[in-house]
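Asker: Here is how the chains run, residue by residue.
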Amino acid sequence: MAEHTKIIAVTRFDPERDDAPRSQEYEVPVQEDWKVLEALNYIKDHLDPTLSHRWSCRMAVCGSCGMNVNGEPKLTCREPLSNYGERVEVAPLANFPVVRDLVVELEGFLEKLGALKPWIMLAKQRAPEEGATRQSPAELADFKQFSMCINCMLCYAACPVVANEPDFLGPAALATAHRYNLDSRDEGAAQRAEIMRGEGGVFSCSYANECAEVCPKNVDPAGAIQQAKLANVLSWARSFVVRRRAAS
Amino acid sequence: MAPPRPPDRFPAGPRYRSYLLFGMGSALMLPLGFELLCALWALASGDAAWREFQAGLRHPLRIAGHAVAGVWLTWVALRFFRLFPKTQPFRLGPFRRPPDWLLVGGLYGVFAAASLALGLWLAGRIGGLG
Numbered sequence: 001m002a003e004h005t006k007i008i009a010v011t012r013f014d015p016e017r018d019d020a021p022r023s024q025e026y027e028v029p030v031q032e033d034w035k036v037l038e039a040l041n042y043i044k045d046h047l048d049p050t051l052s053h054r055w056s057c058r059m060a061v062c063g064s065c066g067m068n069v070n071g072e073p074k075l076t077c078r079e080p081l082s083n084y085g086e087r088v089e090v091a092p093l094a095n096f097p098v099v100r101d102l103v104v105e106l107e108g109f110l111e112k113l114g115a116l117k118p119w120i121m122l123a124k125q126r127a128p129e130e131g132a133t134r135q136s137p138a139e140l141a142d143f144k145q146f147s148m149c150i151n152c153m154l155c156y157a158a159c160p161v162v163a164n165e166p167d168f169l170g171p172a173a174l175a176t177a178h179r180y181n182l183d184s185r186d187e188g189a190a191q192r193a194e195i196m197r198g199e200g201g202v203f204s205c206s207y208a209n210e211c212a213e214v215c216p217k218n219v220d221p222a223g224a225i226q227q228a229k230l231a232n233v234l235s236w237a238r239s240f241v242v243r244r245r246a247a248s
Numbered sequence: 249m250a251p252p253r254p255p256d257r258f259p260a261g262p263r264y265r266s267y268l269l270f271g272m273g274s275a276l277m278l279p280l281g282f283e284l285l286c287a288l289w290a291l292a293s294g295d296a297a298w299r300e301f302q303a304g305l306r307h308p309l310r311i312a313g314h315a316v317a318g319v320w321l322t323w324v325a326l327r328f329f330r331l332f333p334k335t336q337p338f339r340l341g342p343f344r345r346p347p348d349w350l351l352v353g354g355l356y357g358v359f360a361a362a363s364l365a366l367g368l369w370l371a372g373r374i375g376g377l378g
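Chains as they are written, first to last, in the numbering used here: chain A, 1 to 248; chain B, 249 to 378.
Keep in mind that the hints were calculated from the coordinates and are not lab data.
The structure presented is a predicted model; accordingly, all values stated were derived computationally and were not measured.
In this text, a Cβ means the ideal position worked out from N, Cα and C, and glycines have one as well.
Nothing false has been slipped in among the hints.
Below, a sample of chain B positions facing chain A; criterion: calculated Cβ distance under 7 Å:
| id | residue |
| --- | --- |
| 1 | Met249 |
| 2 | Tyr267 |
| 3 | Lys334 |
| 4 | Thr335 |
With the rest of the complex left out, here is chain B (with noise of 0.2 Å):
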């Protein structure tokens, strides 16, 4: 017998692109991780460890991770969207499964108020940033 050959399309193929850009992720969560860890300890460490801390994420290399790490976030949710639906259990209780439209568009919802308040509590008009 010939040995099995691995999927003709793997890892080229477009659908499978997509599969190991979200694996690959882990690589970016992993920095992010280690940042927020050092956020923490630089709380516990007082005021001038905090200024301190602060004053590094202005580096352009911390900006441009950042950025990455927000589109990279970003895509992984709206994946997280689309594939959400057909995990849930088609019964929950007594009840059927909401149809996926209800459930994707809560997702949606959910996500765009998160990002609103985020995005007005980081340029001061709501809660104590300002």
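Here chain A stands alone, though its shape is the one from the complex (with noise of 0.2 Å):
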């Protein structure tokens, strides 16, 4: 395999010594079928053992390798290097507070996530004996693309809301909210409405698409928070018109 040498940039950061992060250039003898991250590793393994980073399927499934390549959110592990010049720069996920190097805080986001009861609920528990409950492909359809979401975290750093409103619930949340609105098995929509319609929530959303421009898995976190924004509108309306309904 043909090889030759390109510069990695990668910003250093450690909490210890550095008041904030500096980068630091790598030359490394790169192959031509090498991903971004096969470089990291590189560093990591012959040049320089301190280099902190995330990393763990190398095949776009468990969303840890993300980090901005030139100034774009990308999974590393499957950006080709050839896509770059001679000269790469890789930096931590924008939006987040670094913990060291490459490597980012996403606390914030689990609680945000979680805040949205990212998981099937039902209004009544079912017995075993009931058996499984049953789903058409045709409702799998209306929320499968939602579904594939992993959390790498690409849409919060390309997100320009998030930047401004740090309580923005941001895109991937969201549109895993929404997914677990359109499963035919849920009942927990009313539950998330509060919180899906309420401060930082879907009507934050500016519609920059960013997140869906960015996102690896075509999951389209500016579509689903769209959808979920007529679809709080039309609920709020229909249980306005049930309570005056009830009243009268």
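Grab the two chains, each in its own frame, and use the hints to assemble them into the complex.
Answerer: Next up, the structure:
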């Protein structure tokens, strides 16, 4: 396999020594078919064992290796180095606090995701003898696209609203909540509605569409959020009519 | 921990520029809305006030402003057409959502027909402007 060198400029940050992140360059002998992650692993294995970065599956499934590559959020395990020139800049994902080097803090996201109750909620617990809950292929198709999210956080790193409104629940969390609202087995939409309509909910999204542009799994969180806006407006209007009818 | 930094290409990246341009259009909507209110006020104030309002529209600055607003509104419409299909639910009642090309084609069709009708009306070919 042909080999040549590229300069990989990596953002470094050691919270015990650095006041702010800095850039450090490495000359890496790369192969034509390498992904960005392989260059980072080469640096870690052969040039600088102090480099910290997250990765796991190497096949765009685990969502661990999201980073900014030349300013654009990418999954480094599927981003070919050949897409870039002789100098490639790798930085931690934007819009997240940096723990160390390329590792970002995800606690804030996990709290937001948890608040939206991203699991199937039933109004009444089913007894085992009732058997499995059935779902048709058509019902599955209603939400399947939104269930493909791998929580890689590229959408958060690209979103200008996340950058300006720290309380915004964000693309992946809202898309996941909408995915459960669309699931024919779920009965928890009313419980999610308050937080989805509230401060930092779906109506904070100004539809920049950046999340959809960078999503590596074609989940299209922007589409999910706009659909959730419409669904929330309709359910709000419906509840208003139902309340008035009940009152009269 | 180091604090978060904003997206690297914000606001200079091409996609962000398009988004910002879309948002900044509200600065055009404000004077246009005010002008519409002035038009309604002039209409309600009699012939002389209406003629004075119409004369004001011939000022070069007003014409330039309307030209910019026309271009911007067209661009906003085209951006909306591109982003519209995926905002619609997958299911409309018992029916699956129509294919994207049909939704976008329908929007372009209505846009073209409305533009043609408005152009003909302004040229005095239809309606009572002639």
